[in-house]
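*Asks:* For chain F, the structure is supplied; the task is to place chain L on it using the hints.
2 protein chains.
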Amino acid sequence: MAPPRALLFDVFGTLVDWRASIARAGQALGDRLGLPPTDWAALADAWRACYDPGLEPVRAGERAWVTLDVLHRESLDALLPAHGLEAMPGTARADLVAAWHRLDPWPDVAEGLRRLRARHLLAPCSNGHVALQVHLARHAGLVWDAVLGAELARTYKPRPEVYLRSVEALGLEPPEVLMVAAHPSDLAAAARCGLRTAWVARPDEHGPGAGAEPPTHDVDHRADDLLALAAALDFNRG
Amino acid sequence: MAPPRALLFDVFGTLVDWRASIARAGQALGDRLGLPPTDWAALADAWRACYDPGLEPVRAGERAWVTLDVLHRESLDALLPAHGLEAMPGTARADLVAAWHRLDPWPDVAEGLRRLRARHLLAPCSNGHVALQVHLARHAGLVWDAVLGAELARTYKPRPEVYLRSVEALGLEPPEVLMVAAHPSDLAAAARCGLRTAWVARPDEHGPGAGAEPPTHDVDHRADDLLALAAALDFNRG
Chain F
1 MAPPRALLFD VFGTLVDWRA SIARAGQALG DRLGLPPTDW AALADAWRAC YDPGLEPVRA
61 GERAWVTLDV LHRESLDALL PAHGLEAMPG TARADLVAAW HRLDPWPDVA EGLRRLRARH
121 LLAPCSNGHV ALQVHLARHA GLVWDAVLGA ELARTYKPRP EVYLRSVEAL GLEPPEVLMV
181 AAHPSDLAAA ARCGLRTAWV ARPDEHGPGA GAEPPTHDVD HRADDLLALA AALDFNRG
Chain L
1001 MAPPRALLFD VFGTLVDWRA SIARAGQALG DRLGLPPTDW AALADAWRAC YDPGLEPVRA
1061 GERAWVTLDV LHRESLDALL PAHGLEAMPG TARADLVAAW HRLDPWPDVA EGLRRLRARH
1121 LLAPCSNGHV ALQVHLARHA GLVWDAVLGA ELARTYKPRP EVYLRSVEAL GLEPPEVLMV
1181 AAHPSDLAAA ARCGLRTAWV ARPDEHGPGA GAEPPTHDVD HRADDLLALA AALDFNRG
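So the protein lines, in turn, are chains F and L.
Take 1 as the starting number for the first sequence in the working numbering and just add one per residue.
Take 1001 as the starting number for the second sequence in the working numbering and just add one per residue.
Errors might be hidden in some of the hints.
Unchecked claim - For the chain L half of the interface with chain F, some residues (derived, Cβ under 7 Å), not all of them:
#1 1134
#2 1145
#3 1170
#4 1174
Simulated from the structure, these hints should not be mistaken for laboratory data.
For glycine and all other residues, C-beta sits at the position ideal for the given N, C-alpha and C.
Excised from the complex, chain F in its bound form (with noise of 0.2 Å):
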């Protein structure tokens, strides 16, 4: 079988932890700003969770296209009652909404994006829209080839326009492109599209030791981290 000629990747905690990053941004402001004592992590935990949810309505077409940006401080506003932080003010909000530009990258990220690079098209296909992953690739010293996904699409993964329309706008036909993911259900919506599959580990994008997400489809590759997929992507080339 030929070698991918393009590498989709999704990038909130497949390339980017974006827990411990959170967590350190909010921790930095509220001792900045003298806010209330707030276990951040839990705080980031929460946001987390509201995402999905927030994504549902723009894939169901009840809601026009609105960026991450807008759906992270919606869901911020909402949550920080419960966290003690009611009082926090408009431009600390902006400056954590922010933080999801500037998530610090898993220790193997820079060098396997360099070395896939060498060999295959490399893109980010993510929810974050274009501005996020512009600003993040800066931060973390990532390069791409372009920047796909969700904003090109205006709708969110996992609907399936989202992967189709990268692939397209690569010039290619699903089975010439790898996602590459550490979660199992955008790796088997992108299977679904068609595309080769690749899984990597991220034990710690829930918290230290708290356990990677195993596919649960028959995917291409699984690898314990970018510089694995790379050294495995090479010995299939032979």
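*Replies:* Showing chain L alone in chain F's frame:
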């Protein structure tokens, strides 16, 4: 005035020498296939002359979005007989259409973009589709933060949607973005959308010594090449 946050670039003529590159690709194809002797630079000129009329039905909403690959193939098929090349096989026509994905940059471009990228976000805002820009960037050694332009808006410059969707995708307002082009009409359209403008002289675009097309409105910058533009933007920063 604050420096621009992002620079958007016209590509054909501004960054890459389409005329000499297409002529070289045609000559190489003609030699390989034993095609009749042809003035390939004249064919490149005739092909490019079909460009704007081909875009017009898409701009006018009379034709659904199609990529430049489709339009280039249609116009090539139409003009080959007048150049004595009606016998060119379909695979060779497809090769020549694909040569628009492998155009050579002007000598200052790779280093100029590298310097500009130290201080600004950079993206093409071209009528070339994403796949074409991705291939061109790999061929010419260009590094972009995102690939924006016509495909995002599914219409063609100088329609305002192309500039405005590209600015929106970066999460910016038009005055925060500088449009860089060698062509007055492109810059005038961007200025009407509220973008800042930089004109770059490309006197050899239409052949050695053919002369540059000076801007028709009051642009914010005029530069002999991208190195001069990078120096001017650095100087303005003070």
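*Asks:* A separate judgement is required for each hint: does it hold in the structure or not?
*Replies:* A quick look at each hint next to the structure:
| no. | hint | in the structure |
| --- | --- | --- |
| 1 | 1134 | holds, 5 Å |
| 2 | 1145 | holds, 5 Å |
| 3 | 1170 | holds, 5 Å |
| 4 | 1174 | violated, 15 Å |
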